[in-house]
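Trainee: The primary structure of each chain is shown beneath.
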Amino acid sequence: MSMLAGLWEPFATFGFMRRALVASITLGMGAGPVGVLLQLRRMSLIGDAMSHAILPGAAIGFLAAGGLSLTAMGLGGIAAGLGVALLAGLVSRRTHLAEDASFASFYLTSLALGVLIVSARGSNIDLLHVLFGTILAIDGPALYLMAGITTLSVCLLSFIWRPLVMECVDPGFMRMTGSRGALYHMVFLFLVVINLVAGFEALGTLMSVGMMMVPAATARLWTRRLVPMMALSATVGMLAGYTGLLVSYHFRLAAGPCIILTCSAAYLFSLITSPAGIRAGGGSSPFRSH
Amino acid sequence: MSHGAIGLDDAGVTLHGTPVWQHVTGSFAPGSMTAIAGANGAGKSTLLRAILGEVPLATGRITLGGLRAQDFGYLPQARIIDRAFPISVTDMVLGGAWRQTGAFGAASRAVRQRAADALCRVGLEKQAGRMIDALSAGQFQRLLFARLLMTDASVIMLDEPFTALDAPTTQDLLALVREWHAQGRTIIAVLHDMHQIRTCFPHVVLLSGGQAIWGETARILTPGTLQRAYDTPQATPWAGGPA
Chain A
642 MSMLAGLWEP FATFGFMRRA LVASITLGMG AGPVGVLLQL RRMSLIGDAM SHAILPGAAI
702 GFLAAGGLSL TAMGLGGIAA GLGVALLAGL VSRRTHLAED ASFASFYLTS LALGVLIVSA
762 RGSNIDLLHV LFGTILAIDG PALYLMAGIT TLSVCLLSFI WRPLVMECVD PGFMRMTGSR
822 GALYHMVFLF LVVINLVAGF EALGTLMSVG MMMVPAATAR LWTRRLVPMM ALSATVGMLA
882 GYTGLLVSYH FRLAAGPCII LTCSAAYLFS LITSPAGIRA GGGSSPFRSH
Chain B
180 MSHGAIGLDD AGVTLHGTPV WQHVTGSFAP GSMTAIAGAN GAGKSTLLRA ILGEVPLATG
240 RITLGGLRAQ DFGYLPQARI IDRAFPISVT DMVLGGAWRQ TGAFGAASRA VRQRAADALC
300 RVGLEKQAGR MIDALSAGQF QRLLFARLLM TDASVIMLDE PFTALDAPTT QDLLALVREW
360 HAQGRTIIAV LHDMHQIRTC FPHVVLLSGG QAIWGETARI LTPGTLQRAY DTPQATPWAG
420 GPA
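So the protein sequences, as listed, match chains A and B. Here the working numbering = 1-based position in the first sequence + 641. Here the working numbering = 1-based position in the second sequence + 179.
In short, the hints are calculated from the structure, not lab data. Here a beta-carbon is modelled for each residue, glycine too, at the ideal position from N, C-alpha and C. One thing to keep in mind: the hints can contain errors.
Said to hold, decoys possible - Part of the chain B face toward chain A, derived, beta carbon under 10 Å: (1) Phe264; (2) Arg300; (3) Met310; (4) Gly394; (5) Glu395.
What the hints assert, rightly or not - Over 12 Å on every C-beta distance to chain A, these chain B residues come out as not near it, computed from the model: (6) Ala184; (7) Ser206; (8) Ser211; (9) Leu231; (10) Gly244; (11) Gln256; (12) Ser287; (13) Ala346; (14) Thr404.
Isolated chain B, as found in the complex (with noise of 0.2 Å):
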C-alpha cells in the first residue's frame, strides 16, 4: 500500500455557477484517518467527490500521489442505493469485487468464499440469501461495509457511515474502520458526530464558509471554529461533548 498523499492544492469546486468551497489546501497523507466535517451543504460530499474526479474543479487540482481509481473503495450515503431493486444481500456483495471480476467474468469460488467472509466479518451470514429489501437499515449499511471489504482498496472513502443508525451497529462498524487503520490504509470519512471525530479521527477538515480548514482534530475543532462552521451558539450539546 505505498504511495504518496492526496494533495489538494488551492482547489475550489463550484456547482450550478454558484462556488461550493474555494481555495482549499492540504494533504491526507497515506495511512491517516481524516474526518471531514461541516453543516448540511457546506460541500462534504463534493469534496469526496472531487477526489475522486466525479466532480470537475473549477481551480486548483488534486494529486493523488501514484493512486489509481481502483485504489479507492467507496461508500455512498445509503439513501441514494435503491434499496427496493430484487437483488440478493450475496450478489450485492460479489459486486465488490468488480475488479476482479469486471464486467463480464464470473466469480469464481474464492471469490465467493471472500464474499461469504466478508458477510460474515459484518454479521450478515445469516442474511446471505435475502433480498436487500428485506435487511433493515443497519443491516443495509452493515451489507454496505461488506462490500467495501471486498474492494480490498488502499483509500477507503466513507459519506456518512454511520447516519441514523443503533449504537450497537455503530460500534461494529467503527471498529471496522479502526482495522482498516491499523491496516495502514487510508481513511476519509464524512461525519456529524463530533465526539466519534474526537474520539476515533486524529485529522478532520471542517468546511466553512466556503473555505477549509485543515489540521488535527483537537486544534481545529474549538467552539469558536465549530460556531462559524454551524452558525450556532457553543452551547450546543454536540460542540463540547457526546451527541
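The shape of chain A in the complex, shown without the other chains (with noise of 0.2 Å):
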C-alpha cells in the first residue's frame, strides 16, 4: 500500500472503518462547540463530572436491553445526567457548597455505582465497553443516533445562541431582564449530557469528554472570537478522528484513545506554537491590542 493510499484504503475497504469515521466527525461537529461554551463558562469539571454522572444510566439500561444498545443505555445516561446536573444544581442553591462541589461529589457516586450495576450483571469485557467504548463496533442505527444527537445539538445551540452568549458573560444583567438565565443554562447542561451520550458507544463515558473538552481548549489558542473558535474546535474534533483512526489502523492500536490523543497531540502542539500558547506566558492576552 501506497503511502498516499494508505490515508483513504482503510476506509475504503472496510465498513466497520467508513462507520468510525463517519462516527468520529459527527462526534467531533456535535461536541466541538459545546465544549467550547463549557470552557468559557468555566464549567470544564462540571463536563467531565457529566461524563461520569451519565454511567449508572447507561448501566441501567444495559441491564434492561440486556447487552449493549445504544438507545436504551442512551436513554438512561440522558436521564442519569439530567438528574445529576439538577440535584447538584439543588444543592448548590440550597448549601453553601459550590455546584463543582456537589458536581464532583455526585459524579464520584454516579461512577461507582454504574460500575457495581455493570460489573453484577455483565462481564469485564462488557465493563470495558462501557467505559472506553467500541468504536469500531458502531452499526448503523448507532450512526443514526449519533447524527441525530448532533443535528439536534447543532440547531438547539444556534436558537439558544444569544442567551446563551448574554449568560454567560453577565448572568445578573440577564436575570434582571427578566429572561430566564436559569432555563437556558438547564438547556445548555442537556445538550452537554446528549453529546456525552453521543460519545459514549464510541469512547466510552470515560473518554467522549475529551472530544468535547480537548478540541476545544486547542482552538481557544488559536482565536478569540466566538464563531470561529466553535468552527475550529469542530474541525480539529473531526480531523483527530479521521487521523487517530488512521495511526490507530496502521500501528494496530486501539481505536479510541488514538483519536483522543490525537486530539492531544493538537492541543500540545497549539500550546507549543500559537501565539497564546506557551510563549505568551501567564499575563494578558497576547492578542489584546491597546
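Dock the two chains into a complex; use the hints.
Mentor: Next comes the structure, spelled out in C-alpha cells:
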C-alpha cells in the first residue's frame, strides 16, 4: 500500500472503518462547539463530572436491553445525567457548596454505582466497552442516533445562541432583563449530556468528554472570536477522528484512545506554536491591543 | 415615564439565616436621585436586588408603583462580569436592546444605529469592533453605561458605578447619570464616595446596623450617623469632605 493510499484505503476497504470515521466526524461536529462554551463558562470539570454521571443510567439501560444497546443506554444516560445536573444545581442553591463541589460528590457516586451495576450482571468485557467504548463496532442505528443528536445539538445551540452567550458574560444582567437565565443554563447542560451520550458507545463514558474538551482547549489557543473558535474546535475534533483512526489502523492500536491522543497532540502542538500558547506566558492575552 | 413611587414597607432580608437589614420603610419617588450608602456587607447591593425581585423578602413588602420588570435598567458591579469572554463591544451593547430583539430576534438597522450612538455618547466609538477583554477598566465601565443607555429604562439602578475609575471617566459617567435624572428617570445608585453623594445625590439611604436611615442627604449624612454606619472615627477624610 502506497503512503497516499494508506490515507484512504482503510476506509474504502472496510465498512467498520467508514462507520467509525462518520461517527468521529459526527461527534467532533456536535461536541466541539459545546466544549468551547463549557470552557468559557469555566465548567470544564462539570463536563468531566457529567460524563461519569451518565454511567448508572447507561448501566441500567444495559441491563434492561440485555446487552450493549445505544438506544436503551443512551436514554438511561440522558436521564441520569440530567438527574445529577438537577440534583447538583439544587444542592448548590440550598447549601453553601459550590456547583462544582456538589457535582464532584454526585459524579463519584454515579461512577461507583454504574460500575457496580454493569459488573454485577455483565462481563469485564462489557464493563470495558461501557467505560472506553467500541468505535470500531458502531452499527447503522447507532450512527443515526449520533447524527440525530449532533443535528439537534447544533440546531439548539444556534437557536439559544444569544441568551446563552449573554448568560455566560453577565448572568446578572440577563436576570434583570426578565430572561430565564436558569432555563438556558439547563438547556445547555442538556446539550452537554446528549453529546456525551452520543459519544459513549464510540469512546466510552470516560473518554467521550475528551472529544468535547481537548479540541475546545486547542481552538481557544488560536482565536478569541467565538464563532471561529467553535468552528475550529469542531474541525480539530473531526480531523483528530480521521487521523486517530488511521494511526490505530496502521499501528494496530486501540482506536478510541488514538483519537483522543490525536486531539491531545493537536493541543500540545498549539500550546507550543500558537501566539496564545506557552510563549505568551501567563499574563495578558497576546491578542490584546490597547 | 409616569409611574408611582417604589416603596418598601417594613421590608427585611435574611441571607443564609442571618438578617441583612430589617424593618426598612421608605420610598423612591419618581424622578428622584438616591444614593445607597453603608459599610461593606451592610446590604447595599442586596437592597437593589430585593427591589428587582432577585432576593426574596423575609418580612414586609416592596411595591413598584406600576413599574414592570422591563422598566428597570441595571448596572451590575463590573467585577461579576466575565471580561475574558470573547464578545465584541458592539455585541455587548446590543445586549441592552434585549427588550426589542428578544432572545431570538435580529437587531434591526435602527437598533444597530442606536448601539453606535450609545457607544459614541460614552466615547467608545473607536472601540466598537474590539473584543471586551481589550478594554481598560474605565472603558469597560463606559461600555456598561452604553448598554444601559440602550435599555431606555425609567428606573436606573447602579451598583458601585464609579469604583476604581479615574477622575475623567467618573466625571463623564456622572454627567450621563445627571442627564438621565434631568430626563425624569429615577436613579438609585450604590456608592462609597461621600463627597460624590453629598454633591450629586439629593437623597440617601444609609444602611447602618441592619437598619436603614432614609431621607435628604444633608440631613442624613452627619458625622454621628456615619460613625455608627462605618464604625470609624469622625475624623476620617471621607466623613467630612472630598475623598
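Trainee: All the hints need checking, so say for each whether the structure fits it.
Mentor: Quick rundown of the hints versus the structure:
Proximity of Phe264 of chain B to chain A holds as hinted, the smallest CB-CB distance being about 5 Å (cut-off 10 Å). With a least beta-carbon distance of about 19 Å to chain A, the hint placing Arg300 of chain B at the interface is violated under the 10 Å criterion. Restraint check, Met310 of chain B versus chain A: the minimum CB separation of about 6 Å is within 10 Å; hint holds. Evaluation of the Gly394 of chain B hint against chain A yields a violated restraint, the C-beta minimum of about 27 Å exceeding 10 Å.
For the restraint placing Glu395 of chain B at the interface with chain A, the shortest Cβ-Cβ distance is roughly 28 Å, beyond the 10 Å limit, so the hint is violated. With a cut of 12 Å on Cβ distances, Ala184 of chain B stays outside the contact zone with chain A, its closest approach being about 20 Å. Non-interface status of Ser206 of chain B relative to chain A is upheld: no Cβ of that chain comes within 12 Å, the nearest being about 21 Å off. The beta carbon of Ser211 of chain B is kept farther than 12 Å from every beta carbon of chain A, the shortest such distance being approximately 20 Å.
Not every Cβ of chain A is farther than 12 Å from the Cβ of Leu231 of chain B; the closest lies at roughly 6 Å, contradicting the non-interface assignment. Here Gly244 of chain B stays apart from chain A, with its beta-carbon at least about 18 Å from theirs, past the 12 Å limit. The beta carbon of Gln256 of chain B is not kept farther than 12 Å from every beta carbon of chain A, the shortest such distance being approximately 8 Å. Here Ser287 of chain B stays apart from chain A, with its beta-carbon at least about 14 Å from theirs, past the 12 Å limit.
Residue placement check: Ala346 of chain B keeps its beta carbon more than 12 Å from all beta carbons of chain A (closest about 20 Å). With a minimum CB-CB distance of about 30 Å to chain A, Thr404 of chain B clears the 12 Å threshold, and the non-interface call stands.
The earlier numbered hints that this structure contradicts are 2, 4, 5, 9 and 11.
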